[in-house]
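Number of protein chains: 4
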Amino acid sequence: MSDCKIRGVVPPVVVPDTPDHELDVPSFERLINYMIDAGVDGLFFLGSSGEVVFSTDERRDQVVREAVRIVDHRVPVLVGIIDTETERVIEQGKRALALGADALVATAPFYALGGPVEVEEHFRCLHEALDAPIFAYDIPVCVHTKLGWKMLAKLGAEGVLAGVKDSSGDDISFRYLCQENEKLGHPLQLLTGHEIVVDGAYLSGADGSVPGLANVEPKGYVRMWKAAEAGDWATVKAEQDKLNELSHIFDVTTGLTGYAGGVGAFKTALWLMGIFDSNTMPRPVKAMEGENVEAIRKVLQDCGLL
Amino acid sequence: MSDCKIRGVVPPVVVPDTPDHELDVPSFERLINYMIDAGVDGLFFLGSSGEVVFSTDERRDQVVREAVRIVDHRVPVLVGIIDTETERVIEQGKRALALGADALVATAPFYALGGPVEVEEHFRCLHEALDAPIFAYDIPVCVHTKLGWKMLAKLGAEGVLAGVKDSSGDDISFRYLCQENEKLGHPLQLLTGHEIVVDGAYLSGADGSVPGLANVEPKGYVRMWKAAEAGDWATVKAEQDKLNELSHIFDVTTGLTGYAGGVGAFKTALWLMGIFDSNTMPRPVKAMEGENVEAIRKVLQDCGLL
Amino acid sequence: MSDCKIRGVVPPVVVPDTPDHELDVPSFERLINYMIDAGVDGLFFLGSSGEVVFSTDERRDQVVREAVRIVDHRVPVLVGIIDTETERVIEQGKRALALGADALVATAPFYALGGPVEVEEHFRCLHEALDAPIFAYDIPVCVHTKLGWKMLAKLGAEGVLAGVKDSSGDDISFRYLCQENEKLGHPLQLLTGHEIVVDGAYLSGADGSVPGLANVEPKGYVRMWKAAEAGDWATVKAEQDKLNELSHIFDVTTGLTGYAGGVGAFKTALWLMGIFDSNTMPRPVKAMEGENVEAIRKVLQDCGLL
Amino acid sequence: MSDCKIRGVVPPVVVPDTPDHELDVPSFERLINYMIDAGVDGLFFLGSSGEVVFSTDERRDQVVREAVRIVDHRVPVLVGIIDTETERVIEQGKRALALGADALVATAPFYALGGPVEVEEHFRCLHEALDAPIFAYDIPVCVHTKLGWKMLAKLGAEGVLAGVKDSSGDDISFRYLCQENEKLGHPLQLLTGHEIVVDGAYLSGADGSVPGLANVEPKGYVRMWKAAEAGDWATVKAEQDKLNELSHIFDVTTGLTGYAGGVGAFKTALWLMGIFDSNTMPRPVKAMEGENVEAIRKVLQDCGLL
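So the protein sequences, as listed, match chains A, B, C and D. If you're matching positions, the first sequence starts at 1 in this note's numbering and goes up one per residue. If you're matching positions, the second sequence starts at 307 in this note's numbering and goes up one per residue. If you're matching positions, the third sequence starts at 613 in this note's numbering and goes up one per residue. If you're matching positions, the fourth sequence starts at 919 in this note's numbering and goes up one per residue.
The set of hints was computed from the structure by calculation and includes no laboratory data. Please note that a few of the clues may not be correct.
Said to hold, decoys possible - Keeping only pairs whose Cα atoms sit at most 25 Å apart, straight-line, the calculated DMTMM-like set for lysine to aspartate or glutamate is:
1) A:K219 <-> A:E182
2) C:K831 <-> C:D853
3) A:K154 <-> D:D942
4) C:K898 <-> C:D863
5) D:K1068 <-> A:E121
6) C:K838 <-> B:E535
7) D:K1204 <-> C:D743
A quick note: this is a predicted structure, and the numbers were derived from the prediction, not measured.
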C-alpha cells in the first residue's frame, strides 16, 4: 500500500456513538459502506471530525480495528495519530499500524509552545519511528501552528512526508505548496480539507480532497473529482455550488459553536437520513435537539437528501 | 488530604531526563528534596513545565510513582491530568489517583473547538468521575480558552472545583475571581502561576503561588509568602524584585522560543547548579548549548546561585 | 511644564456629546471640575475612551481647546495624538501643542503591518518633530502591537520618551519595565491604565495611574494613590476592592461589546449622576437604553454614588 | 459612472515617493499609464498598498487630484477612504468625491472595539452621507474585523453597498458571498484582493480582482481575466502559475516584515524596471537595500521583466 499514491476523494469518517457513548458499530458499518459504494477513493479515520481527541486509546483502537475490518481493503485506510507531542504521537502511530492502517496522519505538536525547528524535528522523528506513509495534517485552528509550505516541500523531497492534508484555510500557502511540489517532481500527495472550495484547490493542483461533508453526500464529491480529472471546470464548479447549499447545515443552527455545530450537523444529518441510529456526541459536547434538528432536516429536504 | 487546603508555595516540578530520554530518578530526587528542604508547601507534578504533554502514559505513571515515593507525605502532591478532552482526562485522573496523587489539576478541553458550555460540562464530568480535589488550570496560551471568573466561582461554590491554578496572564480576571471567591465564603484555593508578579497576586488575595522559577530558587518564594502572610509588603516586593533578576535566565538566550527557552532555562540552571545531571529536553526539543548555557551561568552567578 | 514629572492619578477624560453629536461643553466642564476638585494630578484628553478615533480633526481641536481653557493650568493636560502612521501622528501632535497641550500620548503605528524596527523609528520621528514630553501608549488591544519593555527603557534613557501609559494588560512586562527603568535612573514616568489592579501596579513601582473609572469615582483613586505613597498597602488594596465593586458597571449590561459597553457605561453613569446631560455615543455606536441603564443605576446605588 | 459596474482587473496603485518624501508625480504618471496601457479595467488609489494610512490628508488629496488628472476618465477611479471611525471616514469620502473619485472603498471601523452591530451601522452611515458607490473593503489583517458574508449580501440587496473588495484570505466566506449574491440578483460587484489565487476566486464567481502584483505585471492579470471570461480555465491557471513565480519578490528578502517586505518589494521592482525613480518608503518604514534589492532583481530577471 505504501507504493500506491493516495488521491481522489478521501472523506474523514464521522464516528457514531450509542446513547451511552459506546461505539455504534452497525451505524459505523452503514456509513463506511455508504461512502465506498458512492465511489470514494480512501477513508480517513480518527481525524478531527472523527472524535480522535475525544477518544481514549482503547476507543481509538476499537475504531481502527472495526474500520479495517469493515473496509476490508476496498480502499486505503488512513488513520489520524493526533496527540500532543512526539513520543505520544509515535505511540499512537505504532498502535494504528499494528491494527492495519495503510497511512498515518499527524499534526504539528500542540499544547507546549514551540516553533518551526521543533515542528520539523517532530516530523523527522515520526518518520524514523514509523514505517508507513505519513501525511502532515495542517490544521492551525486546532494546533495553533501553520505548517510552512517550504518546510513541507522539503520534507516531501527528502521522503519524510508522503503527503499533506491541508485544513489550514490558507489557500495562498496551498497554492505555493502545489507549485513547489510540482517543481520537485511531485513527491507529496496534496489533499485539501476545504470542503467548500475544493474546486479552487483542484484548480490549484490538489491531488484530492478530504471533505467532511462527503459523509453526508459522497456522490457529489466523487462527481466533482471526476470532472476535475477530465478538466471540465464548469462541472466542477457546478457540483461545488450544489454541495455548498447542503453545507448550510453548518449555519442554520443556533447556540452551538465549533465541534457541536460542525460535527453535530454531520451526525444529525446522518441520523435523519437513517445511516446513524442517533446523533449522540462525545462528552462534554451535547447533541443537537429541537429546532436545530428541524433546521437541518429542512436543508436536507431542500437538497433532495430526504 | 482532601480536607486540607492547599496554600502557599507549590512549585511545578521540572522533570529531568537522562541523555537517552529516560526519567533521571536521582536528579529528580535531588530537586524534590531541594524544594522541600527550602520549605515549599506542596509540589505540582506533570504541569506544563513538567513535561506532561511530552510524556507517554507509561512515563507519566513513572513520574507520579517516583514523586509520591520521594515526597513521602512531606507535602501534598498535585498531579496534572492534561489531555485533550473529557474521557481522556478522566483516564489520566484515575491513574494518577491510583498512584497516590492528593489533588488533580485539569485544563479546559483543547484541540477540538468548543465554548463555555463545553468547558463547564467538562469540569462537571471530571468532578463526577474523580474522587479528589480538582484544580482548574487556566492556561490559555496552551489551550486557547480563558476560563471565566464567574464560571470558576460558581463551580467553586457548588463544590465541583477545589481551586484554580491561574497561568492566564490576566490579572484583572484573577482580581475579580479573588473578590467573588471571598464573597462566596472562599470555597476555592486560588494559586497564581505568574512567577514574576506573585507580589501583586498576593495583594489581590491569592492563597499561594505555583512559580516555575522556584525550582531554581525556592527559598526566595518561601520568604515572599511568609512576608505576605505577615502583611509585610515592602519585603514581598523586595523578594519579588530579586527573583525577577534571576528570571532573566528566560531572556538572555537567543534562537529559542517557548518551551525550549523557558523550561530549557530551568533545566540548564539546575544542571549548572549540580541538581540535574544534564539539561536534556524531551523530543522534539533540543537542549541548550554553547553561548546560551554561558548566558544562563552568568545570570546564576550574578544572583549568587553559583 | 516639560520639566515637571507627571505622576499620581491622571484620568482619561470621557467626552460628552449632545444628542445631535456636538461637543457638550457644559457637561465637559462639570466633569473636569469634578475630577480636579477630587484631587487628581493630571488629565488625559483624547485617549481611547476620550473618543479620539471617533472625532474629526476639527472636533479634536475643539476638545483640546476647551480642555485647556477649563483646566486653566490647575493640572497638566496630556493629549492623545492617536492616528495610524508617523506623518499623521506628527500632524496631530503639532495641532495639540499649538492649542496648549503639556504632554503628548502616542501609540505604536497601526493598520499597516510592521514590526519592532518600525515602532522604534516611529517614536524617534515623533521626538524629532514634536517639542514636548511624549508618552508611549501601550495598548495592543487597539493597535495589535505590544511595546517591548527593553525598547521602552532604551528610548527613555535616550530622552526620546518621557513616559509610558500602559494599557497592555501584561503585568509581567510592566514589572520588568519598572525594574529596568529604576536601574537606568528612572527616566520614564510609568503610568498604568489597569484600573482594576492599580494596587498591583503601584506595588510594582508605577508612578501613577490612568484609570477610566476615575471619571465616575475620582476620590477613591486619589485615596489609593495617597495610601500607596505612604506605603499603606492594606488601604491601597481596600480602596481597590471598593472601586472594583463599582467597576461592575462594565459587566451588568447585556448585548454590548467593546466601546459600547465600556465607555457607554461611563457615560451612562455620569448621566445618571447628573454630571452629563445625556449618554449619547459617537456614531456608529448606540447609547445604552432600558434595562442596561437600570443595571448601571443599581451598581451606582450599591456603591453609594446615587 | 455610478451606473456602470466595475469589473475586471482593478489594481491597487502603489504610490512613489521622492527621496525627501514628496509625491513623485512623474513616476506616478508612468505607473498609471503602464497599467492602463496594459488593459486594466479600473484603478484603486489610496488602498492599503497605496500608502493611505501613511499619508496626511493633504497628501491624500494630492494623490487623488493627480490620479484623476492622469487617468483622465480612461478607466474608473476608486479611492480608499480609510480612517478609524465613521465621522472621519465620511470626511475622507467627501474630500475624495470633491476631487473626482468615481467610487469609494471603506473598511470596517478600527482601533476602538466594536462588533457586527457597529460595523453594519457604520456602512449605513457612510451610504447616507456619501453620494457614490461604496465598496466594503474586507481586510481583517489590518482592521481585525472580518465582514460577514450575510451582512454584506444584505447591504448589497438594500443598495447600501455597491461591491466588496475582499482581502480577507477567507475563500470559504468569499465563496458563500458569491453564491448568496447570485441568488439576490447580483447587486454586489465582488472583487478579490488575493493576487496569488485569483484563479480560484474567478472560478468561485468573482467579478474581478484587485491584485497588487499587477503594478509590476499588469498584462498577466489582464490575460487571466480574459481567459476567465472565455471559460478557458487551463489558461487562467497557467497565467496564475506564471504570476506566482513573480510573486516570490515577497519571500526572497530577509529581515523585513509586513509593509516593508510587501509594498517594499513592489516599489523596488518598479524602481528596477525604470518605472519609479526610487524605492523610497514612507516613514517609519525603511527602503530595501543591498542584497534584498539584488534578490528582487533576480526574480524579475527570471520572469523576463528585466
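Go through the numbered hints given earlier and state which of them the structure violates, listing their numbers in rising order. 1, 3, 5
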